[in-house]
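Q: Listed below, chain by chain, are the residues.
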Amino acid sequence: MDILRSDDDNVNWYHQLYNYALGSGYGAQQLVDSIARGCGLLVELRILDYTRGQVLNAVDRAIRDCVSTREFQWEQRCLEPIQKTICLSASVLDILLHRFGSESGLVDIMPLDKYAETQLFRQFSELRMSELFSMIIDFPDSRPAIDDLRQCVGAMHNMREIAVSLRRAVQQRLLHPGATTSDILTQYISTIRCLRLLDPSSTVLEIVARPIRDYLRLRDDTVACIVQDMVSEESELFEDLASGQGIIMDDGPEGIIYDEDCANTTWEPLPIEAKSVYRTAQRRDADVLSLLVSIYDTKDVFVQEFEASLAKRLLACTDYNTARELRQVEMMKLRFGGPAMERCEVMLKDMADSKRINQNVLDASRAQHAEMPLHATVVSRQFWAPVQLESFAMPPKMAAIRDRYAGVYESLKPARKLEWRDSLGQVTMNIELEDRSVEVSVRPSQAAVLFAFQDLPRLTLEELTLALECSEDFVLPRVRFWLARGVLREISQGVFEIAETLATSNAASGSAAGNTSASHTRHNGTAAHSDDEYGGEEEEDQESTAATADARSEALRVHFNYIVGMLTNFGPLPLDRILGMLGMFLPGENTTAEDLRNFLAMMVREDRLDLVGGMYKLK
Amino acid sequence: MKLTITDWKDVAGWRWDVPDDEVCGICRVPFDACCPTCKTPGDDCPLIWGECSHVFHMHCLLKWLEAETSQQQCPMDRRPWVTAK
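So the protein sequences, as listed, match chains S and R. Per full-length UniProt numbering, the first sequence starts with residue 1, numbered consecutively. Per full-length UniProt numbering, the second sequence starts with residue 1, numbered consecutively.
Calculated from the structure, these hints are not laboratory results. From the three backbone atoms N, C-alpha and C, an ideal C-beta is built for every residue, glycine too. Honestly, I wouldn't trust all of these hints.
[To be verified] Mimicking DSSO-like on lysine-lysine, the simulated pairs with C-alpha atoms at most 30 Å apart in a straight line are:
1) R:K63 x S:K413
2) S:K349 x S:K299
3) R:K85 x R:K63
4) R:K39 x S:K349
5) R:K63 x S:K349
6) S:K397 x S:K312
7) R:K85 x S:K349
8) R:K39 x S:K417
9) S:K349 x S:K312
10) R:K85 x S:K413
11) S:K355 x S:K333
12) R:K39 x S:K413
13) S:K84 x S:K114
14) S:K355 x R:K39
[Stated by the list, open to error] One side only, chain R facing chain S, incomplete, derived with CB under 8 Å:
15) K2
16) T4
17) W8
18) G13
19) R15
20) P30
21) A33
22) P41
23) L47
Please work from the sequences and hints to get the whole structure.
A: What follows is the structure, encoded as structure tokens:
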């Protein structure tokens, strides 16, 4: 009688019983015996009908225990085995209880197996719902868990609830400044795929997708990330692009969307959360790439970004081999339409032409038994993004090589001239010093600085700026580049010379700029080479970003008259007012506050504006 | 110190040998871009020089000369159009 001392004990008793029923090694006979004994006791005490709640509680607890052991086990299906065990055990218990209960004529317990199944689905989907965000991170490894959850959704019809809970998790864990844009994009793509598995009609997709889309639109680098993903061949987006389905059109007429909906017999109304602002219906069948592109109202931003990334890759390409880029452009054409890719086609044609011209120049040089180390990419200026011009005079030896190339070009293409773009390109050269020789790949301007030292091994900063016809600001970083590599050294303030031997280079390492050079020159030739390449690239990246920012500010110069007009009419204005009004006068120009600030700062430097207390005013 | 350039990957932009910032007098598009009917500049859309020293996209000028109102004159100075050799 001890076991029936209190309610708690009752629960424990059933709980244990149930655990036994789940097959923990207890023999079936023993199980039946103990249940029979227990029920007998209850009947005797005439309390079986009071204990119904306890039985159900015990079942709940047993299910909870069972479900909780499956936390984070996503790599295999686990709902079905649990369901089998639990339903089987529940029906055994049910039969026993009924048998003994009805004998006494006192109880009418609902079918336990149905109850247990519903409870199981509820508890299991609650568990997976709370884990869904992490499951999506692990997708597709967590595919079995998603399938389990789908089974629950089929029984419980709680997709809405799941989506709302996922949205909460997304807002908490994903949409914050700590997450990188590419992480958010990856998670967004996986989320779309998972939700489509869970709910093939995609009616609730928008509940989760919308906050992510809204957030992504706020980030500056979203377009760049998508385009980068789109063209890297391992990515899923690339597969979408390669499949060539679904041409993305700019805003189609709304009417067509409704027609499509009417034709669709499995149509379901959109949930309230998924307001049709983003034309969800159209998006249901769209592939992931279309979904990403539709984050923005216009496809132009993607075309522009693709052009920029294509230009960068083509200019970095050293062997004129554009097979991969050609394929990308073809695929982009299928997706975005031919006219959008016209500029890209001109770029590719420039590459093909350059290859032919280069071959001609090589042949011509060979005929004259002259070396031609230069391989040029000749671009059509109007079709490539403008580059920041660097103004300096090439040392005669380098200029001579270019002139020879240009000479052959001009004889091939009459009435045309070449304009060299000094901020692009790469020079690989061999530096022979007295006790060592190094091969480095550097930018033309860096090579030019070193060439300036060829005739006079010792130059002051002033002589250097005269020789290269440029400013100190231009020369100094390039001189530092060579100082760091131990090829130049600073013998006294502003006087540099070639470090012909290592020994003296070490001795000079006491001077401020020489510090780094000592550690570098201790490497032998090969090690120094790799260092050089690394350093060169790093610097190049920094400079090119600075250059594009400058170019963007420079582009604002054409609007300076508007700004002058504004400041004349309204008096001093803060940055955001100027930005707002520019947006009003020039819709379509996506000027960012950053660009405008840079531009206005430039105007202040040029003494055309004054900045007083955050307000810009005319001089 | 001896410097030898072993490989030089360089980038250049080409331009027609015409004064800076000039646009075709007929289509008002820069010479370095192509006329409105073409898609690729350069060889596919060449320029034409007249003896009167005026320059146009070749396609633009031919279309102009085909028009009856042109009376085979240069659109800029109305002198009879003679293509420069």
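Q: Take the hints in turn and mark each one as holding or not.
A: Here is how each hint holds up against the structure:
{"no.": "1", "hint": "R:K63 x S:K413", "verdict": "holds (24 Å)"}
{"no.": "2", "hint": "S:K349 x S:K299", "verdict": "holds (24 Å)"}
{"no.": "3", "hint": "R:K85 x R:K63", "verdict": "holds (20 Å)"}
{"no.": "4", "hint": "R:K39 x S:K349", "verdict": "holds (11 Å)"}
{"no.": "5", "hint": "R:K63 x S:K349", "verdict": "holds (26 Å)"}
{"no.": "6", "hint": "S:K397 x S:K312", "verdict": "holds (28 Å)"}
{"no.": "7", "hint": "R:K85 x S:K349", "verdict": "holds (29 Å)"}
{"no.": "8", "hint": "R:K39 x S:K417", "verdict": "holds (21 Å)"}
{"no.": "9", "hint": "S:K349 x S:K312", "verdict": "holds (15 Å)"}
{"no.": "10", "hint": "R:K85 x S:K413", "verdict": "holds (16 Å)"}
{"no.": "11", "hint": "S:K355 x S:K333", "verdict": "holds (24 Å)"}
{"no.": "12", "hint": "R:K39 x S:K413", "verdict": "holds (19 Å)"}
{"no.": "13", "hint": "S:K84 x S:K114", "verdict": "holds (12 Å)"}
{"no.": "14", "hint": "S:K355 x R:K39", "verdict": "holds (20 Å)"}
{"no.": "15", "hint": "K2", "verdict": "holds (4 Å)"}
{"no.": "16", "hint": "T4", "verdict": "holds (5 Å)"}
{"no.": "17", "hint": "W8", "verdict": "holds (4 Å)"}
{"no.": "18", "hint": "G13", "verdict": "holds (4 Å)"}
{"no.": "19", "hint": "R15", "verdict": "holds (5 Å)"}
{"no.": "20", "hint": "P30", "verdict": "holds (6 Å)"}
{"no.": "21", "hint": "A33", "verdict": "holds (4 Å)"}
{"no.": "22", "hint": "P41", "verdict": "holds (5 Å)"}
{"no.": "23", "hint": "L47", "verdict": "holds (7 Å)"}
The structure shown violates none of the earlier numbered hints.
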